[in-house]
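Protein chains: 2
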Amino acid sequence: MVAARAGASVAIRYPLTMLETQDKHGLGLPYGRIYNFSAGPGALPVEVLEEAKDDLLNYKGTGMSVMEMSHRGKTYDDIHMTALANLRKLLGAPDDWGVLMLQGGASLQNAMVPMNLKMEGKRPNYIDTGHWGHLSLGDAKLMTDVHVAYSSEGTGFDRAPSDDEPQFTPDVSYVYYTSNETVGGVDYLRDATFNTDALVVCDASSNILSRKFDLTKYDVIFAGAQKTQGPAGVTTVILSPRALEVAAQQKLPLMLSWTKAHKAHSIHNTPPCFAIYMCGLYYQWLLKNGGVDWIAPINERKAAKVYEVIDEGFYKGHAVKENRSRMNITFKCPTEELDKKFADEAEANGFSTLAGHRSVGGIRVSMYNAFPESGADAIAQFMREFARKNG
Amino acid sequence: MVAARAGASVAIRYPLTMLETQDKHGLGLPYGRIYNFSAGPGALPVEVLEEAKDDLLNYKGTGMSVMEMSHRGKTYDDIHMTALANLRKLLGAPDDWGVLMLQGGASLQNAMVPMNLKMEGKRPNYIDTGHWGHLSLGDAKLMTDVHVAYSSEGTGFDRAPSDDEPQFTPDVSYVYYTSNETVGGVDYLRDATFNTDALVVCDASSNILSRKFDLTKYDVIFAGAQKTQGPAGVTTVILSPRALEVAAQQKLPLMLSWTKAHKAHSIHNTPPCFAIYMCGLYYQWLLKNGGVDWIAPINERKAAKVYEVIDEGFYKGHAVKENRSRMNITFKCPTEELDKKFADEAEANGFSTLAGHRSVGGIRVSMYNAFPESGADAIAQFMREFARKNG
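From first to last, the protein sequence lines are chains A and B. Just so you know, we're using the working numbering here: the first sequence kicks off at 52 and counts up by one. Just so you know, we're using the working numbering here: the second sequence kicks off at 52 and counts up by one.
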């Protein structure tokens, strides 16, 4: 559970002229920017975008954009290797772990996980707590025999299991779970410790780097970058020595092999250079401010501000309290008409992309790492006013 | 063969102050930019980068970057669907053809081609004319039984076959070839018409949109975007109705299925939004100027300027004259020492990334669509002076 904590938002001051000319909604954000509650791709830090803009036609005097340079040249190699090293540092990953940056989104990992962790005579066990776990399970079933060790489908994907709820088979090769489900807004809020010595695979696309992950509890963590780390087009894959060992036994085409990517430091083909560069700037922004230890309590505070309003009674939360997501807060107004009115009025006030996922409906407030704390205050205030007027 | 043609370079005029402050090499390019001969990623049009820069923190008043917006929202949907439609227009692809924009580079297509075109009792036939065809063949062999219908390995990958040279098997499912090999600088310079009614698959990563392709001669054309269409991180895949029909029969995971991507207009997962946006700007730039009919003769002229110098005798070209690439011009100086001297002196003069691929050595002059014609004049002049001083 997210506990409300003391701590004021940090407001950044911008030159008045910049605000005067473009701030249509009076939000106090630079460049006429609005509060973007998108569930992904999500908001990026303003200073990361500013640096990218400054260097867009000529990166640091090289005479060309990062988008135009050879991926085999020294300039890009520095950008690339620094991004990988900083990601390793942010995660606290030991040197014998693999840290990859690939293409294809988390969705391609849904296929690559069964391929790279294939074990003769064993089968994967999946934990299904929502939209993303469900999709991954579907892909795995196309490729191999799979056991579903736990599903919260019966209660509308509103919860994650406790450590001892999933029922694993004796022949389990790996356990698969999704640390945070963005559609339902369901979060384990912990590093799960399942009762098995099988490999543990986690899709952490929506909360990697938002809190500390204890890597000793995982063998594979993969994550699309576009929620908590950068723009769409990069997927980070973290591999334990055990996972690397299993993957090394497979014979796979270049772009489907973790081993080949790992050996080439993820320059096994032309990488998505600009997207990796943007992730690199994002990692520098996190590290400069204090890393995951800095951002985690800010994320807790942001979520707590909204859950506090939900607990006042007008809104009804989707997830059970024990698994309320810090990243995606899902709730409903008393009627569907009010849900629509809420989203429309919010949009008109500069609060963008608040409608819930089509499969769940209602409202979804997504606030990833780079979403400013002032926006959590602003949406909480808007929610209270909306409840007062429509209650 | 590329014929020298009359036609002067079109020089664009920029404000003098912009040049004065940053033009270290006196090249006359804006923003201190240099001539970038990278074989990929390659140069982008200056005005495409300028537009991206202008909109980087707030795209057209939406209050957010293209990198931050939901891929399910109207703004991104417009960007995405316009890019697909303009690519279709540039290629002249009929409505019943598939036009996809995927992730994973051309390299992922090396695996997806055999998966999506699997036919019971048949096998693919590959034509191997260099580095890329060779890699693709290697991946295909991991997945299925393959016949090599032609290889120019014996002559150092210096040529492409005539239409009747490849020897196909009676059970051929598809013929695979690479329209332009960037490492050797070997180009078919035509739409090949092979003596088979099998599907025809072409990796056109390095020359799609650089000249007209007669689509009636192909079933699958795929291409990484980073040479002739945009930045790295997008792969365009063009599919004939026949290819779509075969692909529809396969049962494949989401990210490995052409069919699933096609049905979802390439928004089957979170697309690489910013990279697709950049391709979209590139397509608009091509269309505004006259499309492929406009750029093709410019590309011919650029290449001809360099081949003319090679034919003067000091430099030795790698490819046979009949297959000299318009995109990648590969040659050697009389000695390896002179190759190195050439690359170093060129670099000091603002001509970047001219060293040949490590497997071939020598010099490689790559000039894709967005590489300015003035750069072809400049490198030709440099080559003549270098030959005079060192001859």
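Just so you know, these hints were derived from the structure itself, not from any lab. C-beta atoms are modelled at their ideal positions from N, C-alpha and C, and glycine is treated no differently. Incorrect hints may have been included.
[As the list claims (entries may be wrong)] FRET-style restraints, in silico, Cβ to Cβ:
1. A:Asp362 / B:Glu171: 58 to 64 Å
2. B:Gly412 / A:Asp128: 16 to 22 Å
3. B:Asp147 / A:Glu363: 40 to 46 Å
[Stated by the list, open to error] Computed from the model, here is a short list of chain A residues facing chain B with C-beta under 8 Å:
4. His122
5. Ala162
6. Ala283
Cross-check of the supplied hints:
| no. | hint | result |
| --- | --- | --- |
| 1 | A:Asp362 / B:Glu171: 58 to 64 Å | holds (60 Å) |
| 2 | B:Gly412 / A:Asp128: 16 to 22 Å | holds (20 Å) |
| 3 | B:Asp147 / A:Glu363: 40 to 46 Å | violated (56 Å) |
| 4 | His122 | holds (7 Å) |
| 5 | Ala162 | holds (4 Å) |
| 6 | Ala283 | holds (5 Å) |
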